[in-house]
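Engineer: Sequence:
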Amino acid sequence: MKRRVIDIKKAILKTLEKEGELSLKALEIKVNSGSQTIQTQIEELEFFKLVEVIKHKKSEKTGRPYTSV
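For the sequence shown, our numbering assigns the number 343 to the initial residue and increments by one for each residue that follows.
Source of the hints: derived by calculation from the structure; they are not laboratory data.
Quick reminder that beta carbons are idealized off the backbone N, C-alpha and C, glycines included.
Hints are supplied without guarantee of correctness; some may be wrong.
Label pairs and their computed distance ranges (CB to CB) [claimed, not checked]:
1) S401 / Q381: 14 to 24 angstroms
2) L366 / F390: 17 to 27 angstroms
3) G405 / V347: 29 to 39 angstroms
Sequences are here, hints too, so could you generate the full structure?
Structural biologist: This is how it looks when you write it as structure tokens:
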């Protein structure tokens, strides 16, 4: 059964409140949702200034650029 959009947004906000700053991939795993869904919902939450998207130049672990919320 598909989850409603509001349920996904609630899960994102609760996870960020509990865990603090997370990468999009980590958030995807914790919320148990697809990458495109997470990205779309984060864009909407950012528009309403509920979250802030941070683009990092490179990860200390992998050396690749990544985005966190």
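Engineer: Could you run down the list of hints and mark each one as holding or not?
Structural biologist: Hint by hint, here is what the structure shows:
1. S401 / Q381: 14 to 24 angstroms: holds (18 angstroms)
2. L366 / F390: 17 to 27 angstroms: holds (18 angstroms)
3. G405 / V347: 29 to 39 angstroms: Roughly 35 angstroms apart at Cβ, these two residues keep to the hinted range, so it holds.
In this structure, none of the earlier numbered hints is contradicted; all agree with it.
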